[in-house]
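In the order they appear, the protein sequences are chains A and B.
Numbered by our numbering, the letters in the first sequence go through residues 12 to 409 in order.
Numbered by our numbering, the letters in the second sequence go through residues 30 to 747 in order.
Don't take each hint at face value.
[Unchecked claim] Per the computed footprint, the stretches of chain B lying under chain A, defined by three or more beta-carbons under 8 Å from a beta-carbon of chain A, are: (1) 223–237; (2) 472–484; (3) 534–546; (4) 704–718.
[As the list claims (entries may be wrong)] Reference excerpt, derived from the structure (chain A facing chain B, CB under 8 Å, subset only): (5) R143; (6) A163; (7) S198; (8) A205; (9) P264; (10) E378; (11) I387; (12) G388; (13) L392; (14) A395.
Hint data in this document are derived by calculation from the structure and do not stem from the laboratory.
A virtual CB, placed ideally from N, CA and C, is assigned to each residue, including glycine.
This is what each chain is made of:
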Amino acid sequence: MTPVTIGHMADTHLGYRALTKADPVTGRNQRTVDIENAFAWAIDDMIERQVDLVVHSGDLFHHTRPVYPAIATAIRQFRKLEQAGIPAYIVAGNHDTPRLRVSGSVFGLLESALPGITVCGGYEEALIEDERNDLLLTLVPHGRMTNPEPPAVFPVEGRRNILVVHGLVPNMGLPYQMHEPGEEEISEILLDSAFDYIALGHYHPFSQVRNNAWYAGSTERITWRDEPIAPGYAIATLGDVGAPATVEHIQNPHARPMVTYDFSAGMVAELDGKAIAEHLLQWMELLAEPTAMTRIVMKDIPRPVRRHAEALIRMDADGLVWSVEVTGAGIGSSPFVERGPGMPSANLLELFTAFIAEGQETNQYDESFAASFAEIGRRELEQAQIAIDALVTAEGAE
Amino acid sequence: MTTGDVVIDIDMSAFRAESPLDQPIATFASMIDQRHGVIGRVVSSEKEPAGSNVFYFWAGEDQLSLDIGHIVVGFSEEAAVIGVVDEPRRFSDLRSFLDDFFDRHLEEALDAEPPTRRPEILVFEVHVLRTRHLRQDVVSQRPVVSGPVYFATRQAIDYALGVEEFSGVPIPALLHTNGNAAIDEQGDVVIDERGNTAFQRSPLWLDEEYLLGPEAGHANWTGQSGLATKTSHALFLTSAVFQRMAEHGKSVAALLFNVKGPDLVWLDKSAVPPPELTGAYRKAGFSGLEESDFRAYASIGLEIEPFENLRIFAPFKPGQQPGGGHQSVVNLGSEKYHDRLNTLRTAIGERDRVYPILWSLEPLLYMPHKVFDRGDLDDKMWGLIAEFRDRQGITSLNALSDRIREVLAQLDDSGGSEWQGHHKATILKALNRFNGLTSKFNGLLTDGNVDYGNLPRADSSFTNQEVRVIDIANCNSNVQELLVTSIIDRVWKMAEEQNLGVDKLIVFVDELNKYAPNGGEGSLRNTLVDIAARGRHLNVVLFGAQQFRSKVDAEILGNCGTSFYGRVGDEEIINASYRSLSETTKAELLGLPKGRLLVRHAHFRAPLFGAFPRPPVIPGMAGQRVFNGEQDIPVTISNPADALYRLAKRFPANDTPTQGEVRTLADGLSAESIERICAQTEQRMRSVEGTSAATRVTAWSMIQHGIRQARDAERFRR
């Protein structure tokens with residue numbers, strides 16, 4: 012059987028905006044441009060490497076209703092694949108999937124605009140044959156995972172089978188809980204060992220999570236949780252049926268660095284804003300990363316001192332680093348806050364679920380009311396979270 | 030009396046002296062078979078008086094059906110005394126055997142009958158079961174007086190067994206056959222299929238609260254192996270318990286260990302062949318139940334039902350267990366394991382009930398005494414194992430081996446000889462011994478950690494009417510012992526945590542003498558003794574069986590409220606374990622036929638013989654031939670789609686389909702696709718159990734969706 016190389020990308024988050032930096036050439040939000048550049052780099056690199064096909068495992072866009080430039084970028088880049096004669100298969104992720112099923116999706120538009128690309132963005136799984144590459148692809152969009160009945164997948168014996176799916180693999184042993192709105196856990200039964208390759212999306216670090224399953228990782232850093240990762244995409248090479256895939260991670264050399272500095276009072280002789288600012292500016296000089304986004308976490312520093320130091324740093328940080336953010340301990344810039352196991356849950360969905368459970372225990376709700384209340388409430392909360400997310404990133408950009 | 034032409038009718042009873050027994054006989058009329066009539070008369074003598082527990086009677090010469098084990102009724106002044114017939118002895122007026130010899134030697138040829146028959150009587154010893162006084166509030170122990178003896182009716186037998194005083198559900202254990210004729214509902218004598226008079230048969234009832242706790246508990250079977258009696262009866266009794274408990278709204282489950290061939294892997298297949306399988310059953314050497322079995326089930330009031338809710342758990346075949354691979358974790362939920370499990374139930378369409386058992390190193394680290402030879406397990410080794418387990422957090426063989434290699438490399442670099450107080454030689458020895466574990470526990474132990482996902486586990490809570498079989502028949506003895514020990518330990522812990530999931534759990538352990546030998550030691554023996562002592566309070570009862578009762582721990586037997594005895598060998602029966610049985614009973618046990626047992630139960634004052642019908646399930650070997658395609662019976666005998674039907678039934682909902690609907694919808698689908706639909710549906714249903722999502726999805730709707738998707742996928746099959 013002829014070996015086949017698969018360009019596997021995911022979590023491109025086109026349309027993401029953050030921070031108050033504009034691209035000097037276009038005047039658009041710099042983070043948005045970073046994200047688009049990373050996507051374009053991945054597509055160009057895959058064409059150059061002459062992959063046989065491309066799969067995108069979800070979160071192509073950052074929002075369910077992406078802005079026009081994001082849509083244009085997607086079309087422009089996928090058109091390149093079409094022109095190169097490389098088939099591509101895209102599934103929708105939790106960021107791409109509208110919570111209201113009747114509202115339609117940008118994936119419908121892509122389908123019309125890109126006849127050579129297969130998009131799967133609805134609420135049903137699809138089994139597609141790629142005859143040229145002798146592959147069977149099972150595409151499971153995120154919307155399908157929200158149905159009461161889980162997806163049913165059937166790798167066909169004697170064929171090379173690929174599963175493309177977006178979600179969190181169970182028992183990954185993460186040091187934190189992701190708690191993204193709309194996030195779905197992928198049932199173990201979907202991760203069938205009979206698949207030759209499972210192309211996963213949602214988790215931003217490139218990683219192998221099963222013998223046959225890989226997260227491609229995101230193409231660019233998005234939130235501070237992505238600080239330690241190496242953004243990029245994956246190239247999987249498949250040989251005969253059942254032979255283990257060879258997977259290589261291709262790193263994005265242009266990804267914008269992120270650096271966090273944990274500052275504590277003992278690092279300076281005197282606890283005043285000026286001394287702290289001097290210490291931190293010195294750190295920035297030594298860092299020598301003028302394109303980096305930096306975050307300074309000040310533990311146990313009184314708020315007036317911190318604000319004073321922050322003001323001084325902002326005046327002189329230009330040219331040393333690309334951006335600086337000063338926070339108190341434990342406050343992230345992402346709305347999806349990472350929580351330690353000992354911290355009380357501030358996840359609205361969890362609180363809501365507990366609220367309903369309490370109502371049921373005290374016989375306030377009957378079973379059918381509780382189920383429908385839970386469903387409606389969950390949907391509304393997820394919409395609200397998406398709206399907050401959009402607001403936060405938009406505010407940050409302005 | 031006739032005098033000339035005048036006929037005078039005289040009521041002779043008017044002239045009969047009033048008998049002191051008239052009142053009890055009249056009062057207890059329903060307890061004696063008056064239709065059959067008097068069968069003998071009570072006799073007591075200077076040497077052998079009647080007592081509270083034993084009396085004697087001589088039998089009428091025409092009472093040819095009367096024999097050992099029958100239940101009869103005699104009377105004291107104000108009570109009916111019900112007892113079981115024991116030793117028969119025939120007496121004549123000869124002083125010695127010599128008298129007869131000389132008589133015959135001098136006057137008759139040996140083959141000639143003497144001109145007059147010497148008078149002989151047949152005297153039976155009767156062991157009293159229970160006495161019923163005329164007054165309900167009087168407990169009588171007074172011996173019988175001389176008078177008539179009758180066969181006991183079913184009502185009398187029920188009374189003798191204490192049924193009316195049962196605090197729990199009456200459970201039929203055996204079928205007792207008496208010497209009197211069976212009478213049908215119309216009052217006619219029942220004739221069997223051979224044209225003979227059928228004998229009266231009555232269930233021998235056990236009190237649920239004395240069999241399954243809390244008043245008493247446990248059951249034990251003893252008898253020679255190879256007669257298919259012990260296991261057959263244990264299965265029959267389990268079926269009886271399941272049916273009776275269901276009727277009374279109580280939940281119950283059973284845990285069994287299959288230790289021989291396919292003995293217990295086809296418990297979901299009926300002993301009554303469906304019409305389309307009659308030929309296959311016959312070809313497999315099993316022609317189903319006989320007419321007498323059907324009658325027996327009808328007499329007892331039980332249905333012939335196989336165990337529908339059967340789950341079989343088996344480790345992998347040696348060398349075929351999945352390895353940890355990436356991240357050193359085996360995710361069983363996404364493994365295709367059926368081909369690799371070490372069980373004889375392998376036919377596609379039948380193996381959906383079989384689930385895997387796979388262990389990481391972690392549980393073994395908590396039981397080093399079960400894992401290593403005693404000679405290897407010194408204090409230094411114990412200490413090192415504790416270090417790895419408690420301080421290093423090691424849970425898999427891969428992690429252990431990596432850690433040991435790191436430590437050895439550190440020691441090599443530093444030139445030291447100790448790590449965390451453990452000498453390098455001990456570490457090297459540990460590495461060597463641990464490296465050998467995969468082959469020692471081949472098929473059970475993997476090198477990585479194990480994640481079962483939503484698959485059921487052998488040591489998880491039970492569901493009502495579940496029969497869980499741990500199939501260890503083809504495993505090596507290390508794996509067998511480890512699995513029996515660990516699963517019983519785990520179940521016992523679940524019981525202590527009140528997490529069994531059912532009201533009562535039956536644990537059936539065959540070869541009890543192996544796991545809890547008399548005078549032996551070991552953790553399993555201790556657990557079994559603990560179960561025997563306290564299990565009835567914690568809703569776990571032990572059904573144990575063995576060939577030699579004398580070789581089983583005395584504490585277990587002592588705590589056992591019900592015992593069954595099959596045929597026992599003469600070497601065994603002389604042991605103290607049998608001393609409470611009469612010599613006649615012992616002699617009976619020496620030649621007891623297949624299908625017949627002696628039972629002792631907490632409510633019975635004397636042991637009773639009884640028979641039982643064949644169990645309601647197909648014998649294992651026949652099941653293997655019919656349903657697994659062994660020999661020349663085609664394997665396609667089972668419709669693979671039936672697995673989907675069974676699954677839909679296991680998760681009942683408003684839309685549960687008929688078998689025909691499922692077969693029609695799945696017609697033509699490959700067995701592999703059907704197995705995949707089963708696995709996906711079951712895991713999903715288990716994952717949503719108890720959540721609100723469970724109200725929005727049914728097994729059947731998932732199966733239907735799966736069938737559609739599978740058909741779509743099968744387009745691409747080459």
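**Message:** Could you work out which of the previously given hints the structure breaks and list their numbers from low to high?
**Reply:** Violated hints: 1, 3, 5, 9, 11, 12, 13, 14; rest satisfied.
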